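Colleague: Using the sequences and the hints, build the whole thing.
Top to bottom, those sequences are chains A and B.
The opening position of the first sequence corresponds to residue 151 in the numbering used here, with each subsequent residue numbered one higher.
The opening position of the second sequence corresponds to residue 131 in the numbering used here, with each subsequent residue numbered one higher.
Honestly, the hints are just simulated from the structure, not real lab data.
Owing to the predicted nature of the structure, the values given are computational and were not obtained by experimental measurement.
Hints are supplied without guarantee of correctness; some may be wrong.
[As the list claims (entries may be wrong)] Here are the computed distance ranges between Cβ atoms for each label pair:
1. 319/B <-> 555/A: 48 to 58 Å
2. 429/A <-> 316/B: 40 to 50 Å
3. 240/B <-> 168/A: 22 to 32 Å
4. 347/B <-> 206/A: 54 to 64 Å
5. 317/B <-> 412/A: 57 to 67 Å
[To be verified] To give an idea of the chain A side of the interface with chain B (calculated C-beta under 7 Å), a few residues:
6. 181
7. 183
8. 185
9. 186
10. 441
11. 455
12. 456
13. 457
Yeah, the Cβ is synthetic: ideal placement off N, Cα and C, and Gly gets one too.
So the chains spell out like this:
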Amino acid sequence: MTHSYLPEPNPDAKLPSPEGRFGEFGGRYVPETLIAALDQLNDAYSKACSDPAFQQELDHLLHNFVGRPSPLYYARRLTEHCGGAQIWLKREDLNHTGAHKINNTLGQALLTRRMGKTRVIAETGAGQHGVATATACAHFGIPCVVYMGEEDVRRQAPNVRAMRFMGAEICPVTSGSRTLRDAVNQAMRDWMSTVDDTHYILGSVVGPHPFPLIVRDFQAVIGRETIAQSETAIGRLPDTVVACVGGGSNAAGMFYPFVATTDVELIGIEAGGRNEQPGNHAASLSHGEPGVLHGSFSYVLQDIDGQTEDVHSASAGLDYPGVGPEHSHWKAAGRVSYDSVTDHEALAAFDVMCKTEGILPALETSHAIAATMKLAAQRNPEDVIVICLSGRGDKDAAEIQRLIDSK
Amino acid sequence: MSAIDELFRKLNKEQRVAFMPFVTAGDPNLEFTADLLTALDSAGCHLVELGFPYSDPIADGPVIQESYTRALKNHVRVHEILEMVQRVSPSLSLPLVAMVSYAIIFRHGIESFLDQSKASGISGLIVPDLPSDESEVLRDLCDQRDLSLVPLITPTTAPDRVAHILETARGFIYYVSIAGITGERSELPAELADNLRELRRQTETPICVGFGISHPKQAAMLTEVADGVIVGSAIVRRIGELALSHRDSAIQSVVDFSKEMLSGLKKPEA
Ligand SMILES: Cc1ncc(COP(=O)(O)O)c(C=O)c1O
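Modeller: In structure tokens, the structure reads:
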């Protein structure tokens, strides 16, 4: 092992501010009841960051339990298929549990233990974060409850089974749209009553400060490895890096170490769903406006009264009306560009990836693949594009078959 | 001095404890809410907390969540709520306190929301998702309009935060009885009275207690240590069950319950 997996000194050390602001975005818009728990978490995290024992334990787990570093892999046949820039894949799908989510849950499970908390709750959409949380909790022997929208329980059944095998209790959420946003609401309500002994392992760079900071830092291993691996494999940094954006954790983890290097182009891809009409997509940065949801000020899809809008994506992990505040900041600052890809385009990209590379990607990830395929075709063969291959698609197989059959 | 300050002055002189029901605006529709406000006023309630339905209420239990969902299903709009308030408030003697998410206030434009609220006759605001660290701007703008921005304090609030919140409190303190969400509870925490006494030592501002209170006996037990009692789910439940099919009996049931609560709310003789 050549490098540490842990948060390094922040290249943009001012962000977030002590109040949790990324520019104007972020903050803590939560009931007073939760403030003490957020302060406690912030405190535990700062102490952990300067404790070599914490860093060693996390490094050890990421290496031996997760299997890091994940490879940076040249997708030769996909590159030929697109006929332009070289496409490389950062293989987060090869992590234990099949996605980037485990990088964050192990870090937060260690924090749970440091805070002396004895119970964990989590929300999940695609179920990848739920599985990663259940896994981390099984590893440490911490009881775990996962909130999951009823609709997602249906379309992500394999992950529901995996969570139960790992000893987690699944609470289907039947309020609202029965998807990720309602699962977050329900997890927060649980936390309101259980803050004393429970830690909420939030699964993306969303929510009140310090979650967007902590989750980004635990995921930043993706970008740091990519930088080191690019230098070894191609002798320089990539020209362009692409990641899908639901709440934005795989993208933030990939982008953050690149942010200071302004000649690397960064592109985040949201769920374009069926079309651009309200209720038919989940592209908060592309079509939303700044507002408040789930404890932070960021881009959000809401109506003119401030009520959160229903969203749609074929991919359960992108089916969320908000986005992490740091992405809003990067958008406002012009550092990252954001675009969206439809359900249909994502399914087509899924198919190409399976057939050209023998890699079955998650539907979430397929959004980033679709955007990259379009882009690669317009670029030269010397150009290098890296996709954050955030997860594997086994969980989606049944849903994709259903979507193909219902066409 | 806002209408809320005047009310607590008067109640203090009379050695009375305020009773403040919570109702969801537009559950099941705004005509019902308007009639209910009038009935609660006639029944002698001292203030009403008027909940603006919100799609993602994190601090609320199932009863209030469902009332918000019912109202939003009927497409209740914020401007319609304010128009309804404007129609009924001139005939009400009780002050109205809006319980409204910051998501709604921000989306409307803070100043325009406050101007319209003031113009409609609302006297104060409770913003459950805006903790004191984030509330400075809103409080200044409320102060300019003589709207009381009522802060919340909970059992988890650290002592140094309590001191800061007390310094900037307007109208009254909303003391949340439990660490948790709204909903009826058969028992209130044993340490509640002590928590309230401790708070009382630190401030002259009226203290009202809410979350979990559903029974006149619970309210009566709080008269020694609180200046007001807030009841939400126990009211909203009575509306949800009946409002559409038996409109008048729903109002009557809330009025009867409120009178029962009111009868127990007198400060004990010193
Ligand atoms: C494989 C995969 N990629 C991406 C996401 C979206 O989350 P985020 O935007 O936080 O990376 C998910 C969420 O479930 C996921 O499972």
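Colleague: In ascending order, which of the hints set out earlier in this document are inconsistent with the structure?
Modeller: Hint check: nothing fails, all pass.
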